[in-house]
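> Let chain A serve as the given structure and place chain B on it in line with the hints.
Which chain is which? The protein sequence lines are A and B, in order. Taking the working numbering, the leading residue of the first sequence gets 1, the next gets one more, and so forth. Taking the working numbering, the leading residue of the second sequence gets 237, the next gets one more, and so forth.
By construction, these hints were calculated from the structure, which means they are not laboratory data. Where a beta carbon is used, it is the ideal one built from N, C-alpha and C, also for glycine. Take the hints with a grain of salt, since some may be wrong.
[Claimed, not checked] Partial chain B-side listing against chain A, Cβ under 8 Å, derived:
no. : residue
1   : 286
2   : 329
3   : 331
4   : 332
5   : 336
6   : 339
7   : 413
8   : 414
Protein chains: 2
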Amino acid sequence: MTALIFHERIGLERRRISPFSWRIRYAFAHKGLTPEVVETRFADVDRIRRLSGQHMVPIIEHDGTVVHDSWSIACHLEDRFPDAPPLFGGGIGRGVTRMANLWADTVLSPALRIQILPDFPGVLMPEDRAYYRSSREAELGMTLEEAASGRDAALPALAALCRPLQLTLSEQPFLSGTAPAYADYIVFSLFQYARIGSPRDMLALMPELPAVLDWRTRMIGLFDGMGDRFGLHPRN
Amino acid sequence: MTALIFHERIGLERRRISPFSWRIRYAFAHKGLTPEVVETRFADVDRIRRLSGQHMVPIIEHDGTVVHDSWSIACHLEDRFPDAPPLFGGGIGRGVTRMANLWADTVLSPALRIQILPDFPGVLMPEDRAYYRSSREAELGMTLEEAASGRDAALPALAALCRPLQLTLSEQPFLSGTAPAYADYIVFSLFQYARIGSPRDMLALMPELPAVLDWRTRMIGLFDGMGDRFGLHPRN
Numbered sequence: 001m002t003a004l005i006f007h008e009r010i011g012l013e014r015r016r017i018s019p020f021s022w023r024i025r026y027a028f029a030h031k032g033l034t035p036e037v038v039e040t041r042f043a044d045v046d047r048i049r050r051l052s053g054q055h056m057v058p059i060i061e062h063d064g065t066v067v068h069d070s071w072s073i074a075c076h077l078e079d080r081f082p083d084a085p086p087l088f089g090g091g092i093g094r095g096v097t098r099m100a101n102l103w104a105d106t107v108l109s110p111a112l113r114i115q116i117l118p119d120f121p122g123v124l125m126p127e128d129r130a131y132y133r134s135s136r137e138a139e140l141g142m143t144l145e146e147a148a149s150g151r152d153a154a155l156p157a158l159a160a161l162c163r164p165l166q167l168t169l170s171e172q173p174f175l176s177g178t179a180p181a182y183a184d185y186i187v188f189s190l191f192q193y194a195r196i197g198s199p200r201d202m203l204a205l206m207p208e209l210p211a212v213l214d215w216r217t218r219m220i221g222l223f224d225g226m227g228d229r230f231g232l233h234p235r236n
Numbered sequence: 237m238t239a240l241i242f243h244e245r246i247g248l249e250r251r252r253i254s255p256f257s258w259r260i261r262y263a264f265a266h267k268g269l270t271p272e273v274v275e276t277r278f279a280d281v282d283r284i285r286r287l288s289g290q291h292m293v294p295i296i297e298h299d300g301t302v303v304h305d306s307w308s309i310a311c312h313l314e315d316r317f318p319d320a321p322p323l324f325g326g327g328i329g330r331g332v333t334r335m336a337n338l339w340a341d342t343v344l345s346p347a348l349r350i351q352i353l354p355d356f357p358g359v360l361m362p363e364d365r366a367y368y369r370s371s372r373e374a375e376l377g378m379t380l381e382e383a384a385s386g387r388d389a390a391l392p393a394l395a396a397l398c399r400p401l402q403l404t405l406s407e408q409p410f411l412s413g414t415a416p417a418y419a420d421y422i423v424f425s426l427f428q429y430a431r432i433g434s435p436r437d438m439l440a441l442m443p444e445l446p447a448v449l450d451w452r453t454r455m456i457g458l459f460d461g462m463g464d465r466f467g468l469h470p471r472n
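Bound conformation, chain A alone (with noise of 0.2 Å):
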């Protein structure tokens, strides 16, 4: 028996709180295993800097090999089960679906994170956000609530990033096409992130993107509702 253990980040009531664990905890359901769960907090990460030599989870251990950052761990998945259903399907897919992880990452990502970022700390373990303000705030040069004074205004910047999105499963059930990968659990973690993150429901706020709110509708459903698992913001 293969030993597996995914250290994934927690929050209040431990709320699933990481957009990166959201994609392999996916990943893992997708290939069909189930790992042991080592829940990880802001305030474990001498345990994961010990562990991994860097300071961000989501890491697998797997039969001894540390693994650390998502897109390693995806390909590590992929590359060492090989006879589970694919999250790439081949080195084409591989290829696309990294420059689609980049583009999510690097364009969604700040977008989604900037609507949400006020509300985020009410998701962590009380003990966490003094640490989570006071890291952000210094990293923007301003209190959360100043980053997010123009969230409203940012909206139709927002859906128009997300125009791709919308055109794309407006064609295709999925990102990957006709069934789920790794590309839709990359994109649908950020805006997982976003759903437990904020009582804001960001796909209500743009009704330009019907698509996409039943593409995240039928990826909640995944796995039992894996999606659904965890709680959201508690509301005001």
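Chain B in isolation, oriented as in the chain A frame:
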């Protein structure tokens, strides 16, 4: 012997001026196919409409079947020549390539087009220029020159939206991974359209995209330097 005919848009002195035709030109070469080329001008719209029921090129005829729209043509070639090198590499690759296609045509293409708009009539046959100008100016609601008046100021935004390409090509030689495939032909076709359509070298104007420049050079060199055939913009 299969009968294959490729109706391809041409401009001044038989320059290939259509990004949609360029991606299909590369797709044919990728598959090792050498269709009969029918050079098509804007003035040939009646012939095109009789043939395909619509007015756009490229169009292919394959054993009597007429296919229009570059994506449909690429899918047709992939499905009907499955033993030739793959453009998509399976269902996942096809799905994610479709997303890349829609991103390229709705995000990258309009941003590149505005950069070269006033120069583009210079690569059309003189007798096509008035049609091009009047139809595009009607669409834009202003002159080509007015529409492009902010093109220098728009360069940082163009470079920003190309950043996922730069990041991807910093990690892997082609958008499709270790070898070029249809996603590369799609994105390349737009840079090639800009390169042929204007004396402005867009990648010289955006030095923050060195990996994209190197990739464009590789793409130009494929298939015996196909990207350098058919001429560039006649410099002033």
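> Please go over all the hints and tell whether each is borne out by the structure.
Structure-based check of each hint:
Restraint check, residue 286/B versus chain A: the minimum CB separation of about 28 Å is more than 8 Å; hint violated. Among the interface hints, the one on residue 329/B holds; its C-beta lies about 4 Å from the nearest C-beta in chain A, closer than the 8 Å criterion. Contact between residue 331/B and chain A, as hinted, is supported at the beta carbon level, the nearest pair being about 3 Å apart and thus within 8 Å. Given the 8 Å rule on beta carbons, the hint for residue 332/B holds: about 4 Å separates it from the nearest Cβ of chain A.
Among the interface hints, the one on residue 336/B holds; its C-beta lies about 6 Å from the nearest C-beta in chain A, closer than the 8 Å criterion. For residue 339/B, the interface hint holds, the least distance from its beta-carbon to any beta-carbon of chain A being 4 Å, beneath 8 Å. The beta carbon of residue 413/B is positioned within 8 Å of a beta carbon in chain A (closest approach about 3 Å), and the interface hint is therefore held. Annotation: residue 414/B was flagged as interfacial toward chain A, and the flag holds, the nearest CB pair being 6 Å apart, inside 8 Å.
Hint 1 from the list above is the single one not met by this structure.
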